[in-house]
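Chemist: Now for the letters of each chain:
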Amino acid sequence: MAQTNIFESAQSLLRDRAYANYAAHLNEIERVQSGIQQNRTGQLSLTDITNDTSRLSKRIAREGIRLDKALERINGVPNFQDVSIVGKILRSATSVCRIVIQNQFGVSGYGTGFLVSPNVLITNNHVLPDLETASRSQAQFNYELDADGRVLTPVTFNLRPDLFFLTSTYEERQGSPYDGRDFTLVAVETTGSEGAALDRFGYIQMDSSLGKIIEGENCVVIQHPKGDYKKVVLKDIRLITLTDNFLIYESDTLPGSSGSVVLGLGTGAVVALHHSSIPRKDAAGNWLRKDGSIVQPGDVDEQIDWIGNEGVRVSCIVEAFSNMPVADAMQPLRRQIIEAQTPSLKIMSPSPALVEAKPTPSTTPAPEKRESATPVDRLQYFEITLSSQPVLQDDWEGRASTLVEGFVDETPLIPSSFDPDIRRKRYLTLRSNRNPWELAQQLETLPHVESCEPDLETLTDIGVDAGETGPDRFESFNPGKDSGLATWQKEEETFLKNFGDSVCVQKGKKVKSPAFYHRWWNWSAVNCLDDTERLKRADWQAIRDNLAELRFVQLDTGYSTHSKVFAGYDTDKDFDFIDQDTDARDLMERKLLKFPGHGTRTASIAVGNVLQTDPNTVNGNSGLLTFGGKTLARLIPYRIAKSVILLGRGKELVDAANYAIQSQADVMFMCMGTYPKSMFAAIAREVYEQGIIWVCAAGNQVELVVAPAIYPGTIAVAATNPKDLPWKGSSNGPMVDIAAPGESVYVPITDEEGNEFMSYGDGTSYATPHVASAAMLWKAKHLHELPQKYRFPWQIVEAFRTTLKNTARKPSEWTPNMSKLYGAGILDIDALLNADLPEADTLTHAYEGVSTELPKDIGFVEAGHFVWNILRRKLRPGPTESATGLTQRGQLALDAFTTRPPVRAVESAGLSDTVGTEALLREFFKQ
Amino acid sequence: MAASHYFDFHFHPVFKQFICEFEGQYPSNRTADALLEPINLKNPLTDFLEEEFLHILESQSCFSQLKSGQVTLGVANIAPIERLFAQKQGLFGVVLNSSFFTSPVDQTYMEKIRTGQISYYQLFMRELSLYQTLDKAGQVTLLSRKKPAPLATDRPNLTLALEGAHSLCRTLIGQPGKPDTLQTSASTPLADDFKTHPALDAAQSLQHLQQALWDSDLDLMSLVITHLSHIPEQLIATHAFGLKMLKDEAAYPIGNGITPAGKRLIDQAYTLQVNVGTSDVPDLKAAPVLIDIKHMSLKSRLDFYEYRRSKGYQLPIIASHMGVTGYSIDEWKAALNQATMIRLKASNMPIVRLETERRIAGKWGTVNKTFTYNPWTINLMDEDIEEVLNSNGLIGISLDVRILGWQNALGKGEKEEYISAEEFRFFFPDLSKKLAAEKIDPAESFLVPTKEERHPLAMCFNILHVVSTGQIRTDKDPWEHITIGSDFDGLINPVINCRDASKTSALEAALIRWLPVAEEAYRKENGGGPLLPKDANGRINNDALKAHIRGILYENGKNFINRWLNSSL
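Protein sequence lines, in the order shown, are assigned to chains F and D.
Residue numbers 1 to 927, in this note's numbering, belong to the letters of the first sequence in order.
Residue numbers 1001 to 1569, in this note's numbering, belong to the letters of the second sequence in order.
Hints are supplied without guarantee of correctness; some may be wrong.
Each computed EDC-like pair below joins lysine to aspartate or glutamate, with the alpha-carbon atoms no more than 20 Å apart [what the hints assert, rightly or not]:
1. LYS88/F to ASP1430/D
2. LYS1112/D to ASP394/F
3. LYS1147/D to ASP1283/D
4. LYS281/F to GLU319/F
5. LYS1333/D to GLU492/F
Derived Cβ-Cβ restraints for the label pairs, each shown as a range [said to hold, decoys possible]:
6. GLN1183/D to GLU785/F: 29 to 39 Å
7. GLU785/F to GLY1527/D: 49 to 59 Å
8. THR1474/D to GLU785/F: 49 to 59 Å
9. LYS536/F to THR1278/D: 24 to 34 Å
10. ALA197/F to ARG1030/D: 35 to 45 Å
11. ASN1526/D to VAL83/F: 51 to 61 Å
12. ASN1029/D to PRO447/F: 23 to 33 Å
13. GLY42/F to GLY1527/D: 41 to 51 Å
Because the hints were derived from the structure by calculation, they are not lab data.
Given the structure is predicted, the values throughout are model-derived calculations rather than measurements.
Note that CB positions come from ideal geometry on N, CA and C, so glycine has one too.
Put together the whole structure using the sequences plus the hints.
Modeler: See below:
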């Protein structure tokens, strides 16, 4: 059946092409191979083979341990490998399957493939070139032998190219930039032979970031060679070189199976999709046999002299499948694939195919349907405060499902709370395509419901004036035509021009010996002892010892692998509180494969360490909790924001903060905020009562202090600059507790190409982690004393607040008005740590004398939401805002604040009366 | 063998009496006689419930039952009802919290717990008050190291223990900022201490409690540091998932092992001293409290061993009412069949559901003949057994069929347990990022044992695994470190031939008869050398076997308590 075997002719063509690629990189290959040889004989360290320092430093950063230890580990890999990596490789092997290629005539060959998301696998394009082949072919898992040499029970799954199929041809084509990468992604039926479930085979995460492997390191190939039982190649096979789209590694005696997974032995991470072997050729271009003679037709693979193998690089696959066009109907699965590859912890939702197959029972919340689904299906969320009458409360519990149309679910807002006011708060989920504000108004007509508010996505305070100088400028650090380095240099010059003579930079000069003392100006501003000084001092020993005992939580956009901060994150405890099924905005979509950087930047103030990719030129300003290169308190990231400007639903923040309570966090910080909501007030109080110090950014560019900083229980932080003066963008007001450096603070960033840099940023976001770090140091210092001295947990928060304010540095430049609006002064860590703890009976509960807030009119809340989310930003209404403007009640409330004649607040018109909307916001924020 | 005595390492003799009558005053003024008799929480309306559930509601260890069962020595545990038992949702909640269904239960307690109007500490004091009444009336001897005396022969000798460090929490339930008030005009050491110290952290609370007990001629022997629910206002250690009968998210474990507050509590318990002099001229005497590892999550237990080692603590570890998983930790990890990330419905809290392959204990009989251990992490791993034995501690085998093991025929939903997401990552770092997610409503379900599970063989297999592991992993004689911790009146579902304390003697016959059968089946399945004493011909030495069984049912416990009484542990 030779004429039908496209597979074999493609293989042959690819082998020629791979040889050409090999030949083109011969110099580099020879250099690496000579290095490998020297390494094998012990004359050269493995890490000395590569001449790509950036890749090496990323590889080192991936180890997440000290440089010398990392080098030791990487270099030891050929001889000593951690058992955990073998476990990882074995688990990866589970996800590898045999592809039985079938055309209209039957089985035409075998390839290998592996799952890259719960129900999509990847193999080569030359294995499954088109829909038709894919729809006939099958994936077989468990086609392997067990420990006793018996065949396991293979499980066969049909492929579902109708659900998802995306391919990049093995030949490059004009006008198709993502072709030539030789891969096919295809959906797999979730139930296989004998009802076996696909999900038991897991999937392999394709991490597109660099540093998974360096030249000279070992590769592991998992494959079904010639369709045989699953094999793992455990020979000493080294990576020879990386070219643009491919990587070349040493050859075993036999060619690999098309579609095999190639892993880096050092990290256990997938580095390539194997696609071709490279035959040795003579000058005339003939393939050669092992004995040097020319390959003849009919020769078997074993006779050919293979000099190398070529695989398609993971990063180039990820880039292609993220950017190639796919049909609308396939978008959900594509998104799932992309999400499956994101290195931060993603909790996978059930696969769309499964959801469709199984109708969801009406009593459990179903995953939110996408917009393309029928609009009646939309899930809507409401925060409800029940009547204070117990009979009505009991009645609600029993009858909510019959009282509410489209009822899906209702739960206590904070199930563990005993606060009588909080216990009346419920969280309601229902299905409806009606305007959420109308629904809320209707729910309020029930006698059981005292007040009701839809829980919509809200925008943060960041990005209000997004532009060149706005606080979120780093969200897309664009090196423009210059290199990232040139842009960085310009930033550095600008900083020195503006602030070189400032008091904090000059003070830093006295204590910092490195030439880059100016990047550390914030250390001198907060009066934090120099690192070397802290290591010497005996009173800091206890602090260092105790830091690791504390739980330090960040509520933000999640973490990234930026080498400045990655080692400072506790990625064993992180969680993502954002609902996976909610539609992400375009903003996120565009950046899905880049790391949103806000969480990283703010975290670096606390736990940043050496910038591994450039420890000499660009590095600077380590975190306040790092000591001599060691991060003693690691930061636990909880993801509560979709992006720096878009918070998810309010409940997601509540859940994250509640989880921090339940797992007994010590200090928590949040560098973004939004408008006040009753549920935020509730959780802020709960956090306070449990004795967790919650440090919050006062807000940026909106003047108003935002929630949660607005609540009495939290510590609100404003921002200052190197001259000790308030940053002009900092929110301010009497509820601000303290100020800390927040203008032109040296923080890590990532440019558009994913390169790591540092630059100067503005925002109360940067001020906040200074105070949070100070809280950690203060708690560490008094770890054993605090529970003895303070009987009630809230007293710990209040003792910190009192000491923080009493010891604040009050710059002589500050006017009396500044002291009213920007807190008690600038954070002074040394004074804070040296102060005695206040007596318990001198402390006042933050909520003493604070009356319970009466519910706001629903129309007024709607107007406030509208002004905050839409008008202030001149953004298009998102999916949660009505496209037709406000409800009548909302409009009337808005009218009350704005000039006559009333303007219909619709998308196109907007509101020109900024004075009126400002007044409404002030009232909304009670400021 | 006339009138053998029996020992019980863990039970709750006045619990049902306590929850059935709320008294406005403190101390209790109920009469001792009124506290002796069994209470049946069943009423005609509850009869529609499954039979298994009804067993739980019957009294199992009231004093009259102890007397007829010759249980003359034991450890009385006080476990204040946690708030999750007071929630109205779920079948169990309905039964316990409705005067309609369960008229004997006094709803005043339930209401106070549900709405946070009382502290766990006060609940403990009130239950203790009933023991004090019985002690005064000569119905029981409460043992104390303050006045070590020979054991009484005419009444139960009890030591006191706390089940759950929540009992030490003096602020109102769920509200760490609000002190509790005890309304009483009586001046007793306990009442006075509580009034003057209405809020203390767990470690200090324990110190004050032991001093007040001492001043009352009482003594606290041991402390279980967690119980069945997550207590956020005073987190000591992550607990092991233990019950599915309640519809409350607090049943699910959160956290990562022992907290700093937990370490302080352990320090305090192990180094505790009471002042036997005056406040002016103090005379300090060591009165340490033993730590019972029951209910601690596996990670908490590992943290605990590590911490003991780091501090050089030598006191025996006790495990008062346990079963075994049959696994070492590595075997348990390898036995994982399925793990799913769960988000609890109301709080969105992440936890992980585990389904673990069960270790076969042995096969016997014709139908459903395979006996397996319960692999839930609430049970002992081999490493736990090793730690307890090496510390000269004591393991109490539970009489709860759900703890002792399972039959193969069980449905899927019954096999799963839950562990905290952080602890899952600790044990399975590479799996954690691959988990599929599900959202669930805390479900209640009932584990309905089959007849075979109620069979005494299940208990024998647990005993034999401890013996085997002890023989392999330690230099101790494991037979000296095993006893029975029935957990009667701790809402358990007891093995069939010992439904309450009055039937304890039936255990002796059962062990004599079934241990040899179990040994043969266990060794056939699991290999290993002989576990029971044999004579030169390889036949079971009956006298030696009976002596071992006596050890399990009484002597080991008695020796342990005597060593404790004489401060020679």
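Chemist: Broken hints, numbered, in rising order?
Modeler: Going through the list in order, the structure violates hints 4, 5, 8, 9, 10, 11, 12 and respects the others.
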